[in-house]
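Asks: Here is what each chain is made of, one letter per residue.
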Amino acid sequence: MRPESTFEELGIDSLDRLNILFDLESEFDIEIDDEEAKQVTNVREMVAGISHLLAAKEAASSEG
Amino acid sequence: MQRVVITGVGAICGIGRNQQEFLAALEGGRSGISPIDCIDPTRGEVRFKYAAQVRGFVPEEKFSAKELAFMDRFAQFALTAAGEAVAQSGIEWTPDLQERTAIVTGSCLGGRAAEEAGYWELFHHGRSRVHPLTIPLGMSNAGASHISMKYGIHGPAYTVSTACASSAHAIGQAFWMVRSGMAPMAIAGGSEAPLFLGSLKAWEAMRVISKDTCRPFSADRCGMILGEGAAMLVMEPLEAALARGARPLAEIVGFGMSADACHITQPSSEGAALAIRSALRDAGLAPEQIGYINAHGTGTEANDRTETAAIRSAFGSHADRLAISSTKSMHGHTLGAAGALEAVASVLALQHGVLPPTMNYTTPDPACDLDVIPNQARRVSVEACLSNSFAFGGLNAVLAFKALPNA
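Residue numbers (the working numbering), protein chains in the order written: chain A, 1 to 64; chain B, 1001 to 1407.
Note that these hints are calculated values from the structure, not bench results. Here a beta-carbon is modelled for each residue, glycine too, at the ideal position from N, C-alpha and C. Misleading hints may appear alongside valid ones.
DEER-style ranges, computed between Cβ atoms [to be verified]:
id, chain 1, residue 1, chain 2, residue 2, range
1, A, HIS52, B, LYS1211, 15 to 23 Å
2, A, GLU4, B, ILE1039, 36 to 44 Å
3, A, MET1, B, THR1362, 32 to 40 Å
4, B, ASP1212, A, SER62, 28 to 36 Å
5, A, GLU4, B, ARG1129, 54 to 62 Å
6, A, ALA59, B, GLU1116, 31 to 39 Å
7, A, GLU4, B, HIS1124, 40 to 48 Å
8, A, ILE20, B, PRO1364, 52 to 60 Å
Take these sequences, add in the hints, and give me the full structure.
Replies: Here is the structure:
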């Protein structure tokens, strides 16, 4: 598996996607929007999206 | 083999509490999709905010306190719709009819809201007991059982649970029982009350629910909208109906079913096409005789594309000459009640010569390029129509109906 590997290449189907989203939300305590999740097609984009959400969460908590 | 007609229908859902209101909304293109207000927000937030709730239904006006104690919301809907259908059919119960009439209902969740109430007490309040009627309230066959008790019907009675195709399978099986002569009459349909927190959370996790509304076959569709309700039909042989002076609304002529045998949630166009072909064959109808299809049309990316491909596969060039619509754009996806509600919509369309629209349609999608009757009902009489129901788990059921002259 490489960062450029697409979910399709990895044999990840729609139901696998749901499981991954569920695990990511649970692991990092974040909420991933359905529509934004649909745009993500490979591992690199997934990592970037999670990093973005984690940074936003960090910013929100330091403000609060 | 006897010809089987529908002599009564009943419906209750987000766009009407009876068939008159339901029909007016279908013809007027009025959507029942609105913000969910039946969930206590202190118990949990749900990411999606819209559903097609039944509004203006006061159970206390329909049932006594004693009756209500034994009925979850889904059973109340079932009895309400059955009451309307039986009243319209004008049937007078005789001992023979009561002994042999069939009752087949469909439900996906049954009265699971009653279970949730008990579990909430167990898990959150440290209670050690749940309500003693949790089982009879929660069982999926409660609707069929209450209908049998209400009318003193002793014939074959059971409940089918095939997710979103439940009540289409129920109607199909009941139709076959009447057609074969096994039952002299049948009450069949489905009911569902899925708007409780645990169920909404489960749908949220499936990530198939739209954030705003349901736009079937439109390029900008973004998922389904849940709905609640019930619909029931009374079926009997044409000759018996005419002999007793009943007024048949439409004829039910075919039923086909199939399994995708492919994926637990992703639909297959070939599985769906197989059920459509099977319904046409059962009905003895040529594809060219079908003028309208009440589509499964959930408004999800996967269903609408796959269903279009299935219709093209089953109908060939005739696919461009028939019209389809998804009434889920108005009453939402009522899961186990969907097949029955859409069967009633189909019967009303044949009877009144008005094809209901697909509402909220904005943008053509090349992958869904059939005539979907966008945004406005169409006054046209068709000879015959289909109602498609395709369930999670790849279980498909298709019903075929034919217009009756002078209905």
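Asks: If a hint holds in the structure, say so; if it does not, say that too.
Replies: Hint by hint, here is what the structure shows:
1. A:HIS52 - B:LYS1211: 15 to 23 Å: This hint holds: roughly 20 Å between Cβ atoms.
2. A:GLU4 - B:ILE1039: 36 to 44 Å: Given range 36 to 44 Å: holds, Cβ gap about 42 Å.
3. A:MET1 - B:THR1362: 32 to 40 Å: 39 Å, holds
4. B:ASP1212 - A:SER62: 28 to 36 Å: About 33 Å separates the Cβ atoms of ASP1212 of chain B and SER62 of chain A, which means 28 to 36 Å holds.
5. A:GLU4 - B:ARG1129: 54 to 62 Å: 56 Å, holds
6. A:ALA59 - B:GLU1116: 31 to 39 Å: 37 Å, holds
7. A:GLU4 - B:HIS1124: 40 to 48 Å: About 46 Å separates the Cβ atoms of GLU4 of chain A and HIS1124 of chain B, which means 40 to 48 Å holds.
8. A:ILE20 - B:PRO1364: 52 to 60 Å: Roughly 32 Å apart at Cβ, these two residues miss the hinted range, so it is violated.
Hint compliance for this structure: hint 8 is the single one not met.
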